[in-house]
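Enquirer: The listed protein sequences correspond, in order, to chains F and B.
When the letters of the first sequence are read in order and numbered with the working numbering, they come out as residues 2 to 323.
When the letters of the second sequence are read in order and numbered with the working numbering, they come out as residues 284 to 548.
Keep in mind that the hints were calculated from the coordinates and are not lab data.
We put the beta carbon where it would ideally sit given N, CA and C, even for glycine.
There's no promise every hint is true.
[Unchecked claim] Partial list, computed: chain B residues near chain F (C-beta under 7 Å):
#	residue
1	Leu337
2	Leu339
3	Arg360
4	Ala363
5	Tyr368
6	Pro378
7	Phe379
8	Glu383
9	Met387
10	Thr390
11	Phe396
One letter stands for each residue in the lines below.
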Amino acid sequence: MLIAAVAIALGPYPLGARDLLGFLVAKATGAATPLSPPAETVILQIRLPRVLAALAVGTALAASGAAYQSLFRNPLVSPDILGVSAGAAFGAVVGIFLSLPVLAIEAASFAGGLAAVVIVYGIAAAIRGRDAVLVLVLAGVVIGALFGAGVGLLKYLADPYNQLPAITFWLLGSLAATNPRDLTSLLPAVAIGLVPLGLLRWQIDVMTLGEEEATALGLDTRMLRIVVIAAATLMTSASVAASGIIGWVGLVVPHLARLVVGPAFVRLLPICALFGAGYLLAVDTAARTLGAVELPLGVLTAAFGTPVFLWLLAFSRRPAWS
Amino acid sequence: MVMSAPRLAVEDLSYGYPGRDVGQHIHFTVDAGEVLCVLGRNGEGKSTLFKTILGLLPPRAGAVRVDGQPISGWAPRRRALAFGYVPQNSAAAFPFTVAELVLMGRTAHRGVFAAPSAADRRAADEAIVTLGIAHLAEREWLRVSGGERQLAVLARALAQEPRILVLDEPTANLDFGNQVWVLDAVRSLAETRGLSVLLSTHHPEQAFACADRVAVLAGGELLRIGAPVDVITADTLRACYSLEVAVLPVAEERYRVRVPRLYLQ
Numbered sequence: 002m003l004i005a006a007v008a009i010a011l012g013p014y015p016l017g018a019r020d021l022l023g024f025l026v027a028k029a030t031g032a033a034t035p036l037s038p039p040a041e042t043v044i045l046q047i048r049l050p051r052v053l054a055a056l057a058v059g060t061a062l063a064a065s066g067a068a069y070q071s072l073f074r075n076p077l078v079s080p081d082i083l084g085v086s087a088g089a090a091f092g093a094v095v096g097i098f099l100s101l102p103v104l105a106i107e108a109a110s111f112a113g114g115l116a117a118v119v120i121v122y123g124i125a126a127a128i129r130g131r132d133a134v135l136v137l138v139l140a141g142v143v144i145g146a147l148f149g150a151g152v153g154l155l156k157y158l159a160d161p162y163n164q165l166p167a168i169t170f171w172l173l174g175s176l177a178a179t180n181p182r183d184l185t186s187l188l189p190a191v192a193i194g195l196v197p198l199g200l201l202r203w204q205i206d207v208m209t210l211g212e213e214e215a216t217a218l219g220l221d222t223r224m225l226r227i228v229v230i231a232a233a234t235l236m237t238s239a240s241v242a243a244s245g246i247i248g249w250v251g252l253v254v255p256h257l258a259r260l261v262v263g264p265a266f267v268r269l270l271p272i273c274a275l276f277g278a279g280y281l282l283a284v285d286t287a288a289r290t291l292g293a294v295e296l297p298l299g300v301l302t303a304a305f306g307t308p309v310f311l312w313l314l315a316f317s318r319r320p321a322w323s
Numbered sequence: 284m285v286m287s288a289p290r291l292a293v294e295d296l297s298y299g300y301p302g303r304d305v306g307q308h309i310h311f312t313v314d315a316g317e318v319l320c321v322l323g324r325n326g327e328g329k330s331t332l333f334k335t336i337l338g339l340l341p342p343r344a345g346a347v348r349v350d351g352q353p354i355s356g357w358a359p360r361r362r363a364l365a366f367g368y369v370p371q372n373s374a375a376a377f378p379f380t381v382a383e384l385v386l387m388g389r390t391a392h393r394g395v396f397a398a399p400s401a402a403d404r405r406a407a408d409e410a411i412v413t414l415g416i417a418h419l420a421e422r423e424w425l426r427v428s429g430g431e432r433q434l435a436v437l438a439r440a441l442a443q444e445p446r447i448l449v450l451d452e453p454t455a456n457l458d459f460g461n462q463v464w465v466l467d468a469v470r471s472l473a474e475t476r477g478l479s480v481l482l483s484t485h486h487p488e489q490a491f492a493c494a495d496r497v498a499v500l501a502g503g504e505l506l507r508i509g510a511p512v513d514v515i516t517a518d519t520l521r522a523c524y525s526l527e528v529a530v531l532p533v534a535e536e537r538y539r540v541r542v543p544r545l546y547l548q
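All chains, full assembly: derive it from the sequences and hints.
Expert: The following block contains the structure:
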């Protein structure tokens, strides 16, 4: 909440705490706002959507990261592992390349993410009799690379004056272009993805014991895997469509959350959502206020995430994996 | 007179992987409260046999029945209410506590979306107390000793309230004392709760310590099955392990030790 208030206040058009408070009170009581019309526009049309988008994307990436990590029994896994991010990015780049309307670009991103996960899961299902998780992860890496190559090809073919900068900047990860309409697809997608993860929280814990033990304990692992992957993929695709590829959040945040509250998903999920939202909002606010020019969000999360992750790797007292 | 069906019946079972039988025509039963110990050298497929009985691998041929009912087609939940499984290497990927791990044993008893109920927590606590590891409940499962870890997995299987316990080499990697504690716990669970127990081991003496009957797997077939005193003989061990062994009685024939003849020369 505090980060959100600060984030709304900060920016090229400065707003004081008194302005914000007055605005909130006025909205709550229905009185005329004490703010000038431009200030109100800044809050409602630019800052608020962006803050909400940052919260939603952070929640989505961290929660889906936690879900993938539990499902694949590997704390070093992230939404990228299934090629989801790359697939969603490819879908969106196709949309930009064909100069489709924004809504179609978002739909293409969903389609790309889901296609990636379906292909990866299909490959893993076709190659039976080996370590299922290993095959799945390797298939994800390979398919991710393929979609990455597809993105490269489209960048090569793209119009270098309009499309190429748009694609490149969007791929770096940014919430700069967020408008209220983006939220109408982002927020429901994140909510729809979170619900099954929340409902299945106890089963997801059992899944971390591995396929055989989980089955022996009475779990329908196939069904659970499909539902969890679908939910996490939906959230990841929606985030990629809204903000490009923002790496590291889905990897580092669940890791930190696990150090704080332990591995049980019933506590891990809400803490991940909270940390992820707060973290991304803080980074996004930094991205647009630190320099004279706005920094790409994905670059900053990587710059923050890498050292944190290396520090965890080197000094973590609790071995989260063995 | 109607004969009651055995708790667990393995009927002409062939097990293995696609395109390859590991074992064939395995036939045995285990009654309620009975402990059956399975011996066999490495690669005989004891783990594969157990996984097939548990329904984790499809049988190549034959059937498994619980209380007379064929279990093929049973959903995982129904199987889990019949069988508790203690795998050879249980490895949690994340640092759950012993209490959390044992509580996972209750999965089959609650709805898909449900949180553990008070009854679930009671059953888990009771299992932890039964196996004497209450002092470990809040410790990380990965950080307790090997024997304590095995007792925790056993507690999880107990919390599951199954009719049959399947333990795949429960004493592998345990020191001498821990081996004795774990087997003693298994034995008393069979006696006090009427659980049927199927366990595999590499130590023939353990059969004398805890089993009612012993089954010996060799060459992909059931070589012998019967009371430990009858089955664990120099002949059987020679056939099973290609080793000359003296089997010597201790404590008025109630227990026997086997000593490789190499050591007696």
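Enquirer: Taking the hints in turn, state whether each one holds.
Expert: The hints, checked one at a time:
Interface hint at Leu337(B): satisfied, since its Cβ lies 6 Å from the closest Cβ of chain F, which is below the 7 Å cut-off. For the restraint placing Leu339(B) at the interface with chain F, the shortest Cβ-Cβ distance is roughly 5 Å, inside the 7 Å limit, so the hint holds. Among the interface hints, the one on Arg360(B) holds; its C-beta lies about 4 Å from the nearest C-beta in chain F, closer than the 7 Å criterion. Contact between Ala363(B) and chain F, as hinted, is supported at the beta carbon level, the nearest pair being about 3 Å apart and thus within 7 Å.
This hint holds: Tyr368(B) has a C-beta 4 Å from the nearest C-beta of chain F, less than the 7 Å allowed. A cut of 7 Å between beta carbons decides the hint on Pro378(B): the least distance to chain F is about 6 Å, and the hint holds. Look at Phe379(B): its Cβ gets to within about 6 Å of chain F, closer than 7 Å, so that hint holds up. Taking 7 Å as the C-beta contact cut-off toward chain F, the hint placing Glu383(B) at the interface holds, the least distance being around 6 Å.
With a cut of 7 Å, the hint placing Met387(B) at the interface with chain F holds, because the nearest CB-to-CB distance is about 5 Å. Checking Thr390(B) against chain F: minimum C-beta separation of about 5 Å stays under 7 Å; hint holds. For Phe396(B), the interface hint holds, the least distance from its beta-carbon to any beta-carbon of chain F being 4 Å, beneath 7 Å.
Taken one by one, the earlier hints all hold for this structure without exception.
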